[in-house]
Structure formats: C-alpha cells, structure tokens
Amino acid sequence: MEAARVMVKLMADFDVERIRRDFPALAQKVRGHGLVYLDNAATTQKPKPVIDTLVEFYTTHNANIHRGVHALSERSTQAYEEARKKIQRFINAESHEEIVFVRGTTEGINLVAHSFGRPRIHKGDEIVVSAMEHHSNIVPWQILRDETGANLKVIPVSDEGELDLAAYERLLTERTRLVSVVYVSNSIGTVNPMSLIIQKAHARGIPVLVDGAQAVSHLMVDVQALDCDFFAFSGHKLFGPTGVGVLYAKKAHLAAMPPYQGGGDMISSVTFEKTRYNTLPYKFEAGTPHISGGIGLGSAVDYLERAGMEKIAAYESELLDYATEALGRVEDLRIIGTSRHKASIVSFVLGDIHAHDVGTILDRYGVAVRTGHHCTMPLMERFGVAATVRASFAFYNTRRDVDSLVEALNQVRKVFR
Amino acid sequence: MSDLRELYQEMILEHNKQPRNFREIQDATARTEGFNPLCGDRLTVYLKIAGGRVKDVSFKGSGCAISKSSASMMTAAVMGRTVKEAEHLFQAFRDMLSSKKGAPFDAERLGKLAVFSGVNEYPARIKCATLAWHTLRAALDGGTDGSVSTE
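Those protein sequence lines, which keep their order, are chains H and E.
Under our numbering, the residues of the first sequence are numbered 3 to 419, in order.
Under our numbering, the residues of the second sequence are numbered 1167 to 1317, in order.
Just so you know, the hints here were simulated from the structure itself, not pulled from any lab data.
Everything numeric in this text was worked out from a predicted model, so none of it was measured.
Where is the CB? At the ideal position from N, CA and C, for every residue including glycine.
Watch out, some of these pointers could steer you wrong.
[Said to hold, decoys possible] Per label pair, the in silico range of CB-to-CB distance:
hint : chain 1 : residue 1 : chain 2 : residue 2 : range
1    : H       : Asp17     : E       : Asp1169   : 29 to 39 Å
2    : H       : Leu154    : E       : Glu1274   : 50 to 60 Å
3    : E       : Glu1253   : H       : His137    : 31 to 41 Å
4    : E       : Lys1221   : H       : Lys416    : 32 to 42 Å
5    : E       : Pro1203   : H       : Asn153    : 18 to 28 Å
6    : E       : Pro1203   : H       : Glu19     : 48 to 58 Å
7    : E       : Asp1169   : H       : Ala257    : 53 to 63 Å
[Unchecked claim] Calculated lysine to aspartate or glutamate pairs in the EDC-like style (CA-CA distance at most 16 Å, straight line):
hint : chain 1 : residue 1 : chain 2 : residue 2
8    : H       : Lys202    : H       : Asp161
9    : H       : Lys416    : E       : Glu1180
10   : H       : Lys125    : H       : Glu176
11   : H       : Lys87     : H       : Asp224
12   : H       : Lys416    : E       : Glu1172
13   : H       : Lys416    : E       : Asp1169
14   : H       : Lys155    : H       : Asp166
15   : E       : Lys1183   : H       : Asp224
16   : H       : Lys416    : E       : Glu1176
17   : E       : Lys1221   : E       : Glu1190
[Stated by the list, open to error] Some chain H residues near chain E, calculated using beta-carbon distances under 8 Å:
hint : residue
18   : Asn66
19   : Val71
20   : His358
21   : Asp359
22   : Thr362
23   : Arg366
24   : Gly374
25   : Ala389
26   : Val417
Using the sequences and the accompanying hints, generate a full structural model.
Below, the structure is given as structure tokens:
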C-alpha cells in the first residue's frame, strides 16, 4: 500500500507535457504526422539545456583543456572537470578519479578488455558473458580470447528472456577471470538482477563489468551499492551528445592497469628514456577529449536530476505496463521478452510480416522504431527470429505515442492482409 | 496510404505470399548465397545453365516482403533467357534503383519488374530489392557455393 501511494505521488509530480517542450526535436512533423519517437534505445533526443550548453561552449569558452594558462582554457577545463564530478555524483562513484571519459560504452568495454583483461587473462582462463549481450560486449572478449587462448562462457537465457542464474553459478570456476554482463537488455528490455550477479562473482573473487548503456536512462544507478568493478555507458543514450561516454572503474583497478592509449594528456613527463603516466583518471584519457561532449553530458545529468530519476522510473514503469497491454491487444503480435523485470523497451514480431516491412510502414505514419537484430544476433537466434520490431520509450513518451504506434500497426496489418 | 501502395504494390504482396520458384535445384550448375548483414536477410539462388541459357533458376531463404518478392519476380524474369540477357536485366534493374526519383528507366526491358521503381524512395530498402539480383549476378559469374554480401 505504501509503495502504491509513493508511486501515485511520484506520478502526480511528473508533468510530461512540460518535459516534452524541453525537447525541440519532438515537436516536428514527419511525413505529415507528429513525430512519435520510439527509438530511444538507439539514441535519445536532447533537451534544450544540453543543446544550449554546446552552443554556449563553442560560442564563448572554446579552448583546449588542462594546460592552457589563458582565460578560455581555464574556463573550459573547469567546465569539463565539473561535468566529471556531476557524473560521479549521478552514479554515486566514490571519487572523480574513477570517472574515465571515453567515446561510448563500446570504447569503455574495449578499454577494460585491453588494459584489465589482456595482462591478466591467459590460456585456459574463462570470461563469462550472457546470451543477451550486445555485440559490443561479445566481440572485444572474442578478440581477447583469440589472442590469449582463453574461453568465453555464455549464461543462457530463458523463454521469458531472463538469465538462467543457476547455470550462471555453475559457469563460475577457479578459471573465471571476469564476468561481463548487460544490466538492461537493449533488445528485449530485461533488467538483470545485477546485485546478485555481482555478489555471486565476488564470492569467488571474480571482478564484474556492467554494460550500463541502457540502464542509466531508466534506473537509478549506484555503482557503490552495486559494488561493480566496472560500469560503462554512453552519453547519447542519456540525453547527451554522441561521441562521449563514461567508464567507471574502482580506483584500485585503474591504478593497477596499464594505459589504454598513449599520447598527450595521459602523461606527466616524457623523455625518450622514460615516460611517467599522469594521475587518475587522466592516465586513460590520451589526446584531446570530446570537451564539449563531456560538458554537454554534465548538462544532461543536471537535467535528469532536476526531473528526478525516481520519478522518471515510476513514470516509465507505468508507461511500459500501458504499452505492453495495448500491444498485446494487436492481433498476431507476439512480444519477445516477457520478464517481470523490464525497462521500457518492448520487442515484438507481427505475424509473419518481416520487421523491416513493419518499420517502413510505421515510418510513413511518423512512428520511429528500430527493426532488425539490434546488434544482438545470438539473442535473436535464441528466440528463433531473424529480426524484431523494437519500441523503446523514454520519459518524454506518452500514452498517446503508444496509441499512435498501435494505430499504425493496424495499418501494417491492413497492407499485408 | 497512397505512397505506401507505391512500395507495397499488389504484385509485390502477392509474390511475397506465394513466391515463384521457391525451391532447390538438385543438379544446379551454380549456387550462391546472398546475405544482407544489415537486416540478417539471407537467400540462396540456384541456377542451371546449359548452352548459354538459364534452363532453370530458383531461390530459398527468408527475408522481408521486398526482398522475397524481388527474388521471386527475378526468377520468373530470367527463366529461359540467355546469360547475356539476364546480365542486361540485372544492369537495368540496378540502374532503376540507383537513379534519381522520377528519372526514366528501361521500362521496356524491365517489364513487370518496374513495380520495384517505388523502392527508390526508400533508401534503406534498396538493398532488400537488389539482394537477389546481386546474388544471381555472382551465380552467373560461375560461383558454385559462393556467397555475396550487400555490405
């Protein structure tokens, strides 16, 4: 009862129409229809404050960071480092030294594979991933496996789209060197029991990387409460700019890891005999970073904190229920991934109509969805489908958007009758 | 709805539902697999060439309505043709889909295949329509157990 009352209170505080006005891209018409943007798992739209931050940066502060003595460089440096601290607070990292700016989730995972995995993982060692991973959390480990002679173990997925935790425990052995698992599935929306997964691994002294690409925009993430060793996410899926992302890593790991790339900014001194690396996190940030992107991501985090992640999660949960029910009423529609623990991502197939035909027709009604394998080909194979249609919702989507989707799906059925 | 009908014409929908020559050829002289990594569509084209002519042609596989109907209509169009005619047809089809919207194409040569001219307006879907044709082209070039990719 108490939980229900809290939910109602959170919902009442959430003014989606006001929020929609902050996202200029949502106001446009596409092919004569108001845009219904349901491809948020691919990338999210940007609120005005983020866009303004980018414009302001290039209009007034633009300079390279960290070593300039002039006013613009000092301002840029300060803004960039403030953004780092905002992100630290947003995911509740213990220190800003644990926040490494990267290009995105993919680079974050590759960084861990290169600097943490390669020195530690040898022939016969094991890396555990799951059958619902994005290709970006499969391929870096395959490359490492092929280089080292290690083995890749895969946690199976149930018919509902949940990880088989009993099988997971059996996969953990004295040869397991790393567990790397997705928090929220990008293609079917399942929220994995991350704390439990981490506890089981830690009980055997195995570190865990969390692919948080989809988690950060839907859930309240607390890396200390999770106790994960690594957590990677992208800025552009969090209402920030493309080309910037974050790798969180426990300080002890970062301190022990060799650099990822060599170059400027990651050093404290260079002679031809010996180079001293910079302090954390700069040791892992070679070259001029995506300065405006980092600052823009900080602005996105500010926006989300003002909106309130708790309210966002409550609103999206209600919207997911509504969408699941509405889609369930569409004839011949089958939802792929029916876990009770889902973020607002719904994948489905419509009779024997190919997902790409569905996507093309929905687009004609201004409804933007993703169709295909969503970079999770092993998961598609698990469910015996070549492709699905994926509608992924953000906190600016409404029941009206769900209704437009359902209406357009009925038009698809008419074309293929 | 009207512009959708231009893409999903009755003939395309009908071939999607009941594809022609949707079978294997046991004594094929060439067999090539076509793959579109973007959407995962995969099909195999079987060819039986004798005396410079397409004696038999067929396909198997799965895909969207555009790729399946295109493969079906392609087999019907090249059946019995000379290898040279089939190659000219491939070129005419490819040119139709790479030309600008409204630009003239070789309607006479293409005949029924002109129903795919509307795909032009959907850049993301052009590869769906051309997958079977690229696969046929590779098979005509003599690929046995070869494979082509749209990427």
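Hint check results:
Restraint check, Asp17 of chain H to Asp1169 of chain E: a C-beta distance of roughly 37 Å satisfies the suggested window 29 to 39 Å. For the pair Leu154 of chain H and Glu1274 of chain E, the beta carbons lie near 56 Å from each other, so the given range of 50 to 60 Å is met. Between Glu1253 of chain E and His137 of chain H, the C-beta spacing of about 37 Å keeps the proposed range 31 to 41 Å intact. Lys1221 of chain E and Lys416 of chain H have their C-beta atoms about 41 Å apart, which keeps the hinted 32 to 42 Å range intact.
Checked against the given bound of 18 to 28 Å, the beta carbons of Pro1203 of chain E and Asn153 of chain H, roughly 26 Å apart, stay inside it. As the Cβ distance of Pro1203 of chain E to Glu19 of chain H is approximately 41 Å, the hint placing it in 48 to 58 Å is violated. In this structure the hint that Asp1169 of chain E and Ala257 of chain H lie 53 to 63 Å apart at CB holds, the actual value being about 60 Å. Among the hinted pairs, Lys202 of chain H with Asp161 of chain H is inconsistent with the structure: their alpha-carbon atoms are about 23 Å apart, more than 16 Å.
Pair hint Lys416 of chain H plus Glu1180 of chain E holds up; C-alpha atoms about 14 Å apart against a cutoff of 16 Å. Note on Lys125 of chain H and Glu176 of chain H: the hinted pairing holds, with a Cα-Cα distance of about 13 Å set against a maximum of 16 Å. Among the hinted pairs, Lys87 of chain H with Asp224 of chain H is consistent with the structure: their alpha-carbon atoms are about 14 Å apart, no more than 16 Å. Simply put, Lys416 of chain H and Glu1172 of chain E have alpha-carbon atoms about 15 Å apart, close enough for the 16 Å limit, and the pair holds.
Taken as a hint, the Lys416 of chain H and Asp1169 of chain E pair is honoured in the structure, with Cα atoms around 15 Å apart against an allowance of 16 Å. Taking the CA atoms of Lys155 of chain H and Asp166 of chain H, the gap is about 13 Å. The hint holds against a cut of 16 Å. Between Lys1183 of chain E and Asp224 of chain H the CA atoms are separated by roughly 51 Å; this puts the pair beyond 16 Å, and the hint is violated. Restraint check for Lys416 of chain H and Glu1176 of chain E: the C-alpha separation of about 12 Å stays at or below 16 Å, so the hint holds.
For the hint linking Lys1221 of chain E to Glu1190 of chain E, the alpha-carbon distance of about 14 Å falls within 16 Å, and the restraint holds. Proximity of Asn66 of chain H to chain E is violated relative to the hint, the smallest CB-CB distance being about 37 Å (cut-off 8 Å). For Val71 of chain H, the interface hint is violated, the least distance from its beta-carbon to any beta-carbon of chain E being 49 Å, above 8 Å. Because the closest C-beta pair between His358 of chain H and chain E is about 4 Å apart, less than 8 Å, the hint holds.
Because the beta carbon of Asp359 of chain H sits about 5 Å from the nearest beta carbon in chain E, less than 8 Å, this interface hint is met. The interface hint given for Thr362 of chain H is met, as the beta carbon of that residue sits about 6 Å from the closest beta carbon of chain E, less than 8 Å. For Arg366 of chain H, the suggested interface contact is upheld, since its CB lies about 5 Å from the closest CB of chain E, less than 8 Å. Given the 8 Å rule on beta carbons, the hint for Gly374 of chain H holds: about 5 Å separates it from the nearest Cβ of chain E.
Below 8 Å, beta-carbon pairs count as interface contacts, and Ala389 of chain H has one with chain E at about 6 Å; its hint therefore holds. With 8 Å as the threshold, the beta carbon of Val417 of chain H comes within range of chain E, its nearest partner Cβ sitting at about 5 Å, so the hint holds.
Comparing the model with each numbered hint stated earlier shows that hints 6, 8, 15, 18 and 19 do not hold.
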